[in-house]
Amino acid sequence: MKPPPFEYCAPTTVDEALEHLAEHGYDAKPLAGGQSLIPMMNFRLAQPAVLVDLNSIADLSFIRPTDDGGLSIGAMTRHKMVEKDPLVAEHAPLIYETMPKIATSQIRSRGTFGGSLAHADPSAELVCVSVALDGEFKVVNKQGERWVPAKDFFLGLFTSVMEPEDLLVEIKLPPFPERTGWSLMEIARRPHDFCLIGVAAVLTLDDKEQCQDVKLVYLSAGDGPMEAHQAAKVLKGQAVTAEAIQAAAETAASEDIDPSSDIHATADFRRHLAKVLTRRALEEALGRAKGK
Amino acid sequence: MTNQFKLSLTVNGNRYEREIEPRLLLSDFLRHELGMTGTHVGCEHGVCGACTVLLDGDPVRSCLMFAVQAHGHEVITVEGLGSIDDLHPIQQAFWEAHGLQCGFCTPGFLTTLVPFLEENPNPTEEEIRDAISGNLCRCTGYENIVKSVKLAAEKMRA
Chain A
89 MKPPPFEYCA
99 PTTVDEALEH
109 LAEHGYDAKP
119 LAGGQSLIPM
129 MNFRLAQPAV
139 LVDLNSIADL
149 SFIRPTDDGG
159 LSIGAMTRHK
169 MVEKDPLVAE
179 HAPLIYETMP
189 KIATSQIRSR
199 GTFGGSLAHA
209 DPSAELVCVS
219 VALDGEFKVV
229 NKQGERWVPA
239 KDFFLGLFTS
249 VMEPEDLLVE
259 IKLPPFPERT
269 GWSLMEIARR
279 PHDFCLIGVA
289 AVLTLDDKEQ
299 CQDVKLVYLS
309 AGDGPMEAHQ
319 AAKVLKGQAV
329 TAEAIQAAAE
339 TAASEDIDPS
349 SDIHATADFR
359 RHLAKVLTRR
369 ALEEALGRAK
379 GK
Chain B
34 MTNQFKLSLT
44 VNGNRYEREI
54 EPRLLLSDFL
64 RHELGMTGTH
74 VGCEHGVCGA
84 CTVLLDGDPV
94 RSCLMFAVQA
104 HGHEVITVEG
114 LGSIDDLHPI
124 QQAFWEAHGL
134 QCGFCTPGFL
144 TTLVPFLEEN
154 PNPTEEEIRD
164 AISGNLCRCT
174 GYENIVKSVK
184 LAAEKMRA
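For the record, the sequence lines run as chains A and B.
Taking the numbering used here, I'd label the letters of the first sequence as residues 89 to 380.
Taking the numbering used here, I'd label the letters of the second sequence as residues 34 to 191.
Chain A extracted, bound-state conformation (with noise of 0.2 Å):
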């Protein structure tokens, strides 16, 4: 199918695009990279009467560090540069990781940082990996701005707390603390399909490298990114040992997630891949916590 008609702007400057957004409230998006939005126009499933073109809103796109040795990344920054970047490398090293397993290299030749978070799919890898690192975002209407835990602001199924008029702009991700490792572990029938199950790992040690922090943050386990809080639990001020990992591991399969049963995968299976993975993954986080 294709898409029906609609009407069509490509501001240049944020506040044209804010504008824009809070004259049309409901009936126009913001359009970013497209590579969610499209398909779905495509397919007829979404049809905004206004589209909103932000892609030739330079200042939109950037990658800088932050003082405190973080981030922050312009919402239309391309996937591509975000994977290339090797400040992204040295600040954000699980984003670093995380950003040739999204997709393939075509998408993430027009996909955008800000754009995967504001979509809101809860199989998206930047959703589940901002919230694993306590990420903030900016977000910015014609009245102002605020700025939003990655935490609060995932509400549901491709839901955001943003309104029609709002825009993100900016997210910041906060440095490591010392002895942190990280981990990003998916699995999918074939590379780069969205996965079955995935989950994120951030660990940080304490001076006798038992777990003084732990984050386990998961994608396509529920109606967002399922942050597993028992699991943590288990593990939070205890030698992270193999046991320790195991019980872990089966804590967050089979209480802090909520997976469902589609033609890929029953919920079943994908407990068990929840299981194997955190496994892996807090072994991976472990490992890189120590080397540190």
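Misleading hints may appear alongside valid ones.
Within a straight-line C-alpha distance of at most 30 Å, the following computed DSS-like cross-link-like pairs (lysine-lysine) qualify [claimed, not checked]:
| id | chain 1 | residue 1 | chain 2 | residue 2 |
| --- | --- | --- | --- | --- |
| 1 | A | K226 | A | K168 |
| 2 | B | K39 | A | K117 |
| 3 | B | K183 | A | K168 |
| 4 | B | K39 | A | K189 |
| 5 | A | K172 | B | K180 |
A few chain B positions that, by computed beta-carbon distances, are all more than 10 Å from chain A [to be verified]:
| id | residue |
| --- | --- |
| 6 | S41 |
| 7 | R48 |
| 8 | Y49 |
| 9 | P55 |
| 10 | T70 |
| 11 | G71 |
| 12 | G79 |
| 13 | Q102 |
| 14 | D119 |
| 15 | T157 |
| 16 | S166 |
| 17 | G167 |
| 18 | E176 |
| 19 | K180 |
In case anyone wonders, no lab produced these hints; they're calculated from the structure.
All residues carry an ideal CB built from backbone N, CA and C; glycine is no exception.
Following the hints, position chain B against chain A.
Positioned in the frame of chain A, the structure of chain B alone reads:
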């Protein structure tokens, strides 16, 4: 706000100006407005790769772009890689190594592989298979495609 857009872009080195609806996809613009039917439409949702073209040198899904978004940009389609009398080394390689059968997926493979080989002049088999992850082929089973890429790399290194 507009319902008709005056589009101006470069395709395969030539400048084109057309007045089009914003909803016209780049894939359909190339095929119907410009008559360049080398770019194929398979899935219309970005997974098969048959519609891949180069936008300012980067491989993109032309079914996931509106033609108006290419305003002021440079597009290269399979027609721009070479001609029947002057094949691109990668086209020559696909021919010699039997890297195509029905040919439907082939333009998408070629446009994807040109920047890949320019950046990776001596790829391993694993790197090749990873690079073609975004292109589906129903005929070949990919074996001869991989052989074609290796041969293409050899030709391009020479």
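Against the structure, the hints come out as follows:
1. K226(A) to K168(A): This hinted pair holds, its Cα atoms lying about 22 Å apart.
2. K39(B) to K117(A): 22 Å, holds
3. K183(B) to K168(A): Distance of about 25 Å is within 30 Å: holds.
4. K39(B) to K189(A): 37 Å, violated
5. K172(A) to K180(B): 28 Å, holds
6. S41: Since the minimum Cβ distance to chain A is about 13 Å, S41(B) lies beyond 10 Å and the statement holds.
7. R48: 20 Å, holds
8. Y49: 19 Å, holds
9. P55: 3 Å, violated
10. T70: Holds: least Cβ distance 17 Å, greater than 10 Å.
11. G71: Answer for G71(B): holds, closest chain A Cβ roughly 17 Å.
12. G79: About 5 Å separates G79(B) from the closest Cβ of chain A, which leaves it inside 10 Å; violated.
13. Q102: Its Cβ does come within 10 Å of chain A, the nearest being 6 Å, so this is violated.
14. D119: 26 Å, holds
15. T157: 15 Å, holds
16. S166: 4 Å, violated
17. G167: 3 Å, violated
18. E176: 16 Å, holds
19. K180: 20 Å, holds
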